[in-house]
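A.B. asks: Letter by letter, the chains look like this.
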Amino acid sequence: MSAAPTTPRKPSSYEPTTPIGTPQTARISGSHVIQSSPHYQTTRRHSLYGTEDRIIIDPGSRIWKVGFSGEGRPRDVFYACGEGAMPLWSLERASRPAEREEEEKLLEVRLQECLRSVFHNSLLTDPKSRKIIIVEHPLLPLHIKEHIARVLFNNLQVPSISFASSHLLALLAAGRITGLVIDCGHLESTALPIFSSRPLFPHLRTTPLAGSRLSQHIRALLLLFGTYMPPLTSVTAITNLPASSRSTRVPEEVLTDAVIEEIKTRCCVVGSAMAASETRAASPALSTSDMPSELESELDLPPSDPPASESEYSRVSAEPESSLSGFSLVEPAQVPPERARPGETHLQALARMYTRHSTATDLHMRVDPPPTQQSGMGRGTLVIPGWVRERAAEVLFEGGDVDESSVAEVILDSLLKVPVDLRKTLASSILVVGGTPMLPGFIPRLQAELVRAVSPRPSSGPSTPASGRGRPRPAPYDRYAPLRPLLPYFAILNNPAPPPQTSVPGSQNAGKAPAFTPASMAWVGGSLAGALKTGGVEVAREKWDEADAEFDEDDPMALAPDRQFSSPKSILPDWTRTPLPAGAPPAPRAAPNPVVHSPSTRAAVGA
Amino acid sequence: MPPAMRDKITIHSKAVVPQDAELKGDITIGAGTIVHPKATIFAAAGPIVIGSGCIIEEAVILVNRRKEVMRIGDDNLFEVGCRVESPSIGNMNTISARARVHHTVRISSYCFIGAGCLLVPTEDEVLEEYTAVYGPSAERRVWSGRGRLQEADLRRKHADYLKEMLPKFNRLRRGDGT
Amino acid sequence: MSASIEYYCPCLAESPHPPPPHLASSSYSFHPLHNLYFCEECDAVRCNRCVLMEVSGYFCPNCLFEVPSASVRAEKNRCARNCFNCPICRNTLSVVASDPEAGDGRMSPVVSTTLGEPPFFLFCNNCRWDSAEIGITFEKPTGLAAQLQKFEDSAPEALEFEHLKEHFEPYLRASSSALPATAAHSHHHVNPITAAASSALARDVPGVGKYNPLSRSRVGRDKNAGKQEIPDYKSRVEIGTLGALGAGGGNSDVEFMRRLEDMSEVAKLEQRWVNSWTASLRSSDLKPLRIPLQVKKSKRCPACRHILIKPEQKSQSVRYKIKLVAANYLPAIHVSLPHAIAAMELMKRSSTLNKSLSSTVDDPSVSGLIPGKTYAFHLAFTNPLYDPIQVRLKKVQPVPVPSADADPEKARRVPFQVSLPTAAFGIAAFAEAWEYEDEEDMFGQDDDDLDMDGHGMATKDGRGKTRAVGVVERRANTTVVSGEVIITKEARGNIRFNMLVSYTYRSDDAEPAEENEDGTPSRSHAVNKAPEMKNFSFYTVVDLGAVVRREGSRSELES
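First to last, the protein sequences are chains A, B and C.
Position one of the first sequence corresponds to residue 1 (UniProt numbering), numbered consecutively onward.
Position one of the second sequence corresponds to residue 1 (UniProt numbering), numbered consecutively onward.
Position one of the third sequence corresponds to residue 1 (UniProt numbering), numbered consecutively onward.
FYI, nobody ran anything at the bench for these hints, they're computed from the structure.
Some hints could be false.
Said to hold, decoys possible - Below 25 Å or equal to it, Euclidean Cα-Cα: the simulated DSS-like pairs (lysine-lysine) are: (1) 24/B to 157/B; (2) 533/A to 297/C; (3) 323/C to 128/A; (4) 128/A to 310/C; (5) 533/A to 165/C.
Unchecked claim - For the chain C half of the interface with chain A, some residues (derived, Cβ under 8 Å), not all of them: (6) 50; (7) 153; (8) 155; (9) 172; (10) 233; (11) 238; (12) 240; (13) 250; (14) 257; (15) 276; (16) 277; (17) 280; (18) 339; (19) 341; (20) 344.
These numbers come from a predicted model, not from an experiment.
For every residue, glycine included, the Cβ atom is placed at its ideal position computed from N, Cα and C.
Okay, chain A solo, but in the shape it has when bound (with noise of 0.2 Å):
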């Protein structure tokens, strides 16, 4: 899947608007502002409040930001689809034709009533005289842009369109045009090399280890370990019972994505790294040095594991239970049959080892009943454990598997693509953003778990008795030696806690970088894009209409199902698609095959 973006068809081949070497390039934006309106260029110059102020649009699968350029902050933060609601679109479309349609209708009708809502409700601004900057993510599907113009063209009536890479954007708002971006968002984590304000597409590398995942954990480990209080019954209800005898297994209605979401936002932390001698002593099942590696194994569990790892989990839950009580009301035993899962075993040994290593407090916190046991007296009880809120984000840092790699392995995997004499520069200058990196810790766990993937194995990783773990491990392959030299130059810019100075040069770039938080910075980079007056490959509504003219005119007689597929809409700036031959005249969508496919290719990607 994170190999998709990096074959296209012709490798020698992007940005088929762009025309080489025109004049005004706004390097800048890795890309060329096309001209399309002398007008433009007129007024290129003009006053910071003026029609030239753009409005800035990130709209993410779940959170959109909006505000005008020149500012530094948004205007307005809000949900897409109202909070806890689906995501407007995820990893995966519907296959059925039918089915596919409605997706897409769906898509349409809410993306129009996201871009109304901006204009009408959260900047008060006439659409019609705002030129617009879309910071977009370079996986966004080329479909979900498309209806992005089609509305804003359409319903809206804007002038124009330009779409900026998201990575490149928060890079420019921490002051740099080369770095190595990390985007860690709601589906995905992206991690993209930019250098010298050129986004190096192929060698971007993503997982879908993020923040919808890290939701997906949290309500797993909450279902097992988490405690539910009712309220009471009624009025009169005797409340001598201790709590322990009221308390409950959490039912699932009560974990709605609301929920899981607020306890994502504002009680989870980033517990720092676990030194491997703690993890050896507290679980033996779990105690090899590389831990990266190794948990993985353990943790990432599908409930679809093969059964050739079954006699791992017999062995970690026969051990004895007396550590589990610590930590939850619930005692084991309670636990009833049914709810038992494939794999809780497993997270039960997960249990045990982080609640010895957990400091943080447990959490009480107002929860509805679930529907069926609303009494009208108020809301329930849910007990969060610390340990839950402290290490519910290690999910994120376990990689090893070969399609989601850790957020840590992102990095270095993207790093191993890109050419070695840029690694150094890059390795000195990484950059977080996005939503999930403002859990507090984030940033300093991050770095940790770099240099711990990239440091040399001490020796007694590959000693441990990998045949009495019921599946003969391969010998160590050591994925990441070739970064091993880049040691000491890891830095991210934005890390609030960065490591002591050293006096090995790019190290010193850490912490460096403004404090912006890390979810806005590729709007305030937007922004900043917009105030200077560059920011990515404008596309104006003449060319749009024409195009549309266009479109109709040929095929009158296309077919809703079969739009996504013949994109009418070539004239999109869309960095996986096979350019042109150079002096060949812009191709309607009459075009080769490939052109045909990399979109899709794309949207299976997603964003």
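Following the hints, complete the assembly by docking chains B and C onto the known chain A.
C.D. replies: Below, chains B and C alone, put in the same frame as chain A:
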């Protein structure tokens, strides 16, 4: 509840209690306290003692379900339609309209319970001084107490006004014996 | 409510047919009548999803001050007077004075009229937050936002932003104006080895070559590579130092979170997410929010740009200068299920006897639709026009043509059969007098005159005259017709079907019949156009409510 509780109602001469107010059980009402018509004070299991300067508005229900004395301090305001069963209430509290306070909560002083808040903890607890409970999920915070003098002043004026007006339109009730 | 009807707005779509009602995305195309507009130019319904909106005035919803649009921008769309929202609970804050300093306790004997004294602060009546908690007080109780404005202007993110801009501006100017020169310059220095390396890189890294055919810098061998063009940016406030000071983001936050005892100490995401600057997580550090302005919007037809609705300028006014709402043009339709109403009546009566009303009202089995049964439903049409109209109904097939490749199982079986009166029926004209009369008036005297469209229906009369289908009642400008729905055994979900309503109206009389009392200056020309009968059709979706499954759960029905 136990019918053993005999009506024994003591009303200070400076209190205003209309005959329309429903009082049951062993109740003592202090000086300057105003009870609106159609308020209900029900000493079901143990007696209720209300201090001075309280205002108890229409459709308020005060119930004592416990054996011990339910003590309500001075200058408390019970707004329309609230229902309070706390075994003890300090001074200068405000229970807003349609709030409900369960008998597991003891209220100290200067607390504020917002409109419609449901306070039904499952275990006994005491609301610290200056606790404010608000919002649909009965969130809590501690307020600074700034402005409480002005609030007290306003409440006194409010009581003074009621003391003047209520008797004009309602038949007052006296303590036992009348 | 169980039964409802919504009107279709095509939103400039090419296809005049409404989308099938069972799809989730279709619900966005249907609107309640009172949300719709009507463009007289285009003779079409318009909705809030397709009209062009224009700002016709800004005002503060709290103080109703009309903000001149010139200052809206600088004030960031927020009220710049005394209007603030509580950062904790979003209630409106009020300005209050401090308590008198004297420690005389609660027994200040004199009832002083104004106890307050100068340091003023903002106070929330809902959650009792006050701005003095975070150290914001005011010397005078007016123009508070202006007093706070200077903090906003010197906000760290604004300063840093300007700093960033200054940093990039020279670079940008150089690259945009002197690009050819730089290019020549750079080529000048390329030696064969770097050129070879460069082309190798361009080959290895497919993006690079195209992105920057002129660049030579990548070949730079070390960390300085990227910085030849642009000097290092020196942040005003580095996140590292901020974190070390404990001002946010750093280890202090981690410690704080770890020791957290009460969730409410941490600000909610919604309270923090507009901050682009790293700030404290604590809810005790939140600042009051200026109240966002609102706008009065005028709306235009997307096709012809005529104004559909235009409010009066004054923020206090709730009247409109122009108001072309669909309710003044299209007959209002009210759907009801007689059996459900009867059931409700019965329940109301019984509820006076026993108190279990709350439990029975929710019980869908009483008013819901049971599979395998046949129900009558009533459609009450109310004519808003000053002329009588003739209405004809047509049911749209539950499985519509456009999505031919739709879900095969859905297409296979039709879960219910709807019969509607096929003959046209008349509705008397609207007259103000009827608003006041409650007895049935004379009606139907012109039915026969207008029945010219009706005879086309004669062939189908056999079907239209079934037991329960036809006109049930006529009163004033309302006509009630009855339809029937046969629900098959395997039906589930909501019974929704599309219905095409066509009505014929006479537009020959000189008085602007469709006009509402507000007066619409732009519509007089419609009169001279067509002195004869005109026809207008629109689609609706009728929702008769959920089919009750005896064993199924409610949640299943929602899907």
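A.B. asks: For every hint, state whether the structure bears it out.
C.D. replies: Hint check results:
This hinted pair does not check out: residue 24/B and residue 157/B have alpha carbons roughly 29 Å apart, beyond 25 Å. Only pairs whose Cα atoms come within 25 Å are accepted, and residue 533/A paired with residue 297/C is rejected, the gap being roughly 30 Å. Between the alpha carbons of residue 323/C and residue 128/A the distance comes to roughly 23 Å, so the proposed pair stays at or under 25 Å and holds. Between residue 128/A and residue 310/C the CA atoms are separated by roughly 18 Å; this keeps the pair inside 25 Å, and the hint holds.
For the proposed pair residue 533/A and residue 165/C, the alpha carbon gap of about 11 Å is at most 25 Å, so the pair holds. The interface hint given for residue 50/C is met, as the beta carbon of that residue sits about 7 Å from the closest beta carbon of chain A, less than 8 Å. Checking residue 153/C against chain A by beta carbon gives a least distance of about 11 Å; that is not within 8 Å, so the hint is violated. The interface hint given for residue 155/C holds, since its Cβ lies 7 Å from the closest Cβ of chain A, which is under the 8 Å cut-off.
Restraint check, residue 172/C versus chain A: the minimum CB separation of about 5 Å is within 8 Å; hint holds. Hint on residue 233/C holds. Least Cβ distance to chain A is approximately 3 Å, under the 8 Å limit. Because the smallest distance between the Cβ of residue 238/C and any Cβ of chain A comes to about 5 Å, under 8 Å, the interface hint for this residue holds. Interface restraint check for residue 240/C: the shortest CB-CB distance to chain A comes to about 2 Å, inside 8 Å, so the restraint holds.
The beta carbon of residue 250/C is positioned within 8 Å of a beta carbon in chain A (closest approach about 4 Å), and the interface hint is therefore held. Below 8 Å, beta-carbon pairs count as interface contacts, and residue 257/C has one with chain A at about 4 Å; its hint therefore holds. Because the smallest distance between the Cβ of residue 276/C and any Cβ of chain A comes to about 4 Å, under 8 Å, the interface hint for this residue holds. The beta carbon of residue 277/C is positioned within 8 Å of a beta carbon in chain A (closest approach about 6 Å), and the interface hint is therefore held.
A least Cβ separation of about 11 Å between residue 280/C and chain A goes past the 8 Å threshold, and the interface hint is therefore violated. Taking 8 Å as the C-beta cut-off, the interface hint given for residue 339/C is violated, the closest approach to chain A being about 27 Å. The beta carbon of residue 341/C is not positioned within 8 Å of any beta carbon in chain A (closest approach about 27 Å), and the interface hint is therefore violated. With a cut of 8 Å, the hint placing residue 344/C at the interface with chain A is violated, because the nearest CB-to-CB distance is about 23 Å.
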